[in-house]
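Colleague: Below, each chain spelled out in residue letters.
Protein chains: 2
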Amino acid sequence: MSAGGKGWLAVAGLGPGDERLVTPEVTAALGEATDVVGYIPYVRRVAPRAGLNLHESDNREEIDRARHALALAAEGRRVVVVSSGDPGVFAMASAVFEALEDGAPEWRALDIRVLPGVTAMLAAAAHAGAPLGHDFCAINLSDNLKPWELIERRLKLAAEADFAMAFYNPRSKSRPEGFERALDVLRTVCEPGRIVIFARAVATPEEEIRVVPLSEARPEMADMRTLVLVGSSTTRVIAREGRPLVYTPRSVSA
Amino acid sequence: MSAGGKGWLAVAGLGPGDERLVTPEVTAALGEATDVVGYIPYVRRVAPRAGLNLHESDNREEIDRARHALALAAEGRRVVVVSSGDPGVFAMASAVFEALEDGAPEWRALDIRVLPGVTAMLAAAAHAGAPLGHDFCAINLSDNLKPWELIERRLKLAAEADFAMAFYNPRSKSRPEGFERALDVLRTVCEPGRIVIFARAVATPEEEIRVVPLSEARPEMADMRTLVLVGSSTTRVIAREGRPLVYTPRSVSA
Numbered sequence: 001m002s003a004g005g006k007g008w009l010a011v012a013g014l015g016p017g018d019e020r021l022v023t024p025e026v027t028a029a030l031g032e033a034t035d036v037v038g039y040i041p042y043v044r045r046v047a048p049r050a051g052l053n054l055h056e057s058d059n060r061e062e063i064d065r066a067r068h069a070l071a072l073a074a075e076g077r078r079v080v081v082v083s084s085g086d087p088g089v090f091a092m093a094s095a096v097f098e099a100l101e102d103g104a105p106e107w108r109a110l111d112i113r114v115l116p117g118v119t120a121m122l123a124a125a126a127h128a129g130a131p132l133g134h135d136f137c138a139i140n141l142s143d144n145l146k147p148w149e150l151i152e153r154r155l156k157l158a159a160e161a162d163f164a165m166a167f168y169n170p171r172s173k174s175r176p177e178g179f180e181r182a183l184d185v186l187r188t189v190c191e192p193g194r195i196v197i198f199a200r201a202v203a204t205p206e207e208e209i210r211v212v213p214l215s216e217a218r219p220e221m222a223d224m225r226t227l228v229l230v231g232s233s234t235t236r237v238i239a240r241e242g243r244p245l246v247y248t249p250r251s252v253s254a
Numbered sequence: 001m002s003a004g005g006k007g008w009l010a011v012a013g014l015g016p017g018d019e020r021l022v023t024p025e026v027t028a029a030l031g032e033a034t035d036v037v038g039y040i041p042y043v044r045r046v047a048p049r050a051g052l053n054l055h056e057s058d059n060r061e062e063i064d065r066a067r068h069a070l071a072l073a074a075e076g077r078r079v080v081v082v083s084s085g086d087p088g089v090f091a092m093a094s095a096v097f098e099a100l101e102d103g104a105p106e107w108r109a110l111d112i113r114v115l116p117g118v119t120a121m122l123a124a125a126a127h128a129g130a131p132l133g134h135d136f137c138a139i140n141l142s143d144n145l146k147p148w149e150l151i152e153r154r155l156k157l158a159a160e161a162d163f164a165m166a167f168y169n170p171r172s173k174s175r176p177e178g179f180e181r182a183l184d185v186l187r188t189v190c191e192p193g194r195i196v197i198f199a200r201a202v203a204t205p206e207e208e209i210r211v212v213p214l215s216e217a218r219p220e221m222a223d224m225r226t227l228v229l230v231g232s233s234t235t236r237v238i239a240r241e242g243r244p245l246v247y248t249p250r251s252v253s254a
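Those sequence lines, one after another, are chains Z and V. Using my numbering, read the first sequence as starting at 1 and increasing by one per residue. Using my numbering, read the second sequence as starting at 1 and increasing by one per residue.
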């Protein structure tokens, strides 16, 4: 079946889970698509309809998936590659460009767009208060794609720079001890009272947010669905009934 | 006029400009609000309707604006504080919590929510490709609220950590030479070919994106509406007809 007309490829972010965080831009692209390509649980978030082909693939097959999507677009199909969160943050956009750079020269002439989304750290921060309200960094703690030594070095420099931090993929199945080592690195630079937020299954019905000082943070507080936020030295907690509010003030005095 | 029922306060992100990047969650909150509070150009993005009070205030009045919003919610009104982008990234959420912490004790019992949005760096990255596809940091270059020495130290450590970087507020009116000094700091650590992206008026009809090597980056390429992205040492450019695509690969080899 041909899609008719000119093909295109959109790499779209579905946000962290809640459908009310999917942008109208992404919803419109899905409405015009002939094909949706992505990791199984993300494709399952797209409502099936007549004329829409859903292509589910397993995790860790990003490059094959990206090539498949580019080839479909080159055939004239209207293709949406779906990621959770924002596609440019530890998600499919880079994989698509890696496949594009190494792929058929004619792919470079394709209409390719990246549609931004609400990445998990922004939803986690919002639901905890405003812990990323001052300078911050985002680090993927998975060592599938980079050496652990680089992760440790980045963590140390980020703590010395007094950034607030967001850790994606804190506990990988293949290297569960990595997160414990990350906490050890933080403890060498940060004071014991430094605020750590464990945000699990953010923006889903199973959301759980837990706020602890670094001295009480334990590796088993994070699993594969957890995003971890670490405050800067100025991050504060406002106590109240129920869960406290965590925020980082806008100012740092001289 | 009383709003009736229980008041609440939502701190909402309108995204960088394009209305198709406003989340349905934010649209729904605006639909239920009795009062919208914010900096003039952001309040003007909200469609007026009967029963909705629009409270515009000038820039640099964040704390007064936050107190006003909290006081309205305490009176039983349904208040949305609007920010551009994401409210938790260099925007109003931290100001609201600062006002809350220093304010009337009963304010802590209020229903306060932060509604995340697409922050400017995610839209700029998406429209340039995927330059934030690996570990990255976000730094506010304005020295209104922190000493310049801290900014320089953070820049240097971030470059040593080989983060991709997003700079918010690169050129403030009050200290236009700051960005030139920031480029100088980068040049002490990064190679001359390091990719710099100037993304102006992102996600508006005036959007302009310019990609240059660090050696050719000039302070006057940024103005008050520009977000600057700097690649890591691994960031790549894919040449093609029209604007090139910039991306940071997912992997760093050992």
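Worth flagging that the hints you see were computed from the coordinates, not collected in a lab. You may find that some hints are simply not true.
Stretch-level coverage of chain V by chain Z, calculated; a stretch enters the list once three of its residues show a Cβ under 8 Å from a Cβ in chain Z [as the list claims (entries may be wrong)]: (1) 19-32; (2) 55-61; (3) 71-78; (4) 96-108; (5) 134-142; (6) 243-253.
Keeping only pairs whose Cα atoms sit at most 25 Å apart, straight-line, the calculated SDA-like set for lysine to any residue is [unchecked claim]: (7) V:K156 / Z:V237; (8) Z:K156 / Z:E101; (9) V:K146 / Z:K146; (10) V:K146 / Z:S251; (11) Z:K156 / V:N59.
Fair warning: this is a prediction, and the values are worked out from it, not measured in the lab. Where is the CB? At the ideal position from N, CA and C, for every residue including glycine.
Colleague: Decide, hint by hint, whether the structure agrees.
Modeller: Going through the hints against the structure:
1. Here the region 19-32 of chain V counts 8 residues with a CB under 8 Å from a CB of chain Z, which clears the bar of 3, and the coverage holds.
2. With 0 residues having a Cβ less than 8 Å from any Cβ of chain Z, the region 55-61 of chain V misses the three-residue criterion, and the hint is violated.
3. With 0 residues bearing a CB less than 8 Å from a CB of chain Z, the region 71-78 of chain V misses the requirement of three and the coverage assertion fails.
4. Taking a C-beta to C-beta cut-off of 8 Å, the region 96-108 of chain V contributes 6 residues in contact with chain Z, enough for the three needed, and the coverage statement holds.
5. Figure legend: the region 134-142 of chain V, annotated as covered by chain Z; annotation consistent (7 residues with Cβ-Cβ distances under 8 Å, at least 3 required).
6. Residues of the region 243-253 of chain V with a Cβ under 8 Å from some Cβ of chain Z number 8, which satisfies the need for three, so the listed coverage holds.
7. A C-alpha spacing of about 29 Å is found between K156 of chain V and V237 of chain Z, which places the hinted pair above 25 Å, so the restraint is violated.
8. Under the criterion of a C-alpha separation no larger than 25 Å, the hint pairing K156 of chain Z with E101 of chain Z is inconsistent with the structure, at around 33 Å.
9. Between K146 of chain V and K146 of chain Z the CA atoms are separated by roughly 33 Å; this puts the pair beyond 25 Å, and the hint is violated.
10. Between the alpha carbons of K146 of chain V and S251 of chain Z the distance comes to roughly 6 Å, so the proposed pair stays at or under 25 Å and holds.
11. A C-alpha spacing of about 36 Å is found between K156 of chain Z and N59 of chain V, which places the hinted pair above 25 Å, so the restraint is violated.
Checked against the numbered hints given earlier, the structure breaks hints 2, 3, 7, 8, 9, 11 and satisfies all the rest.
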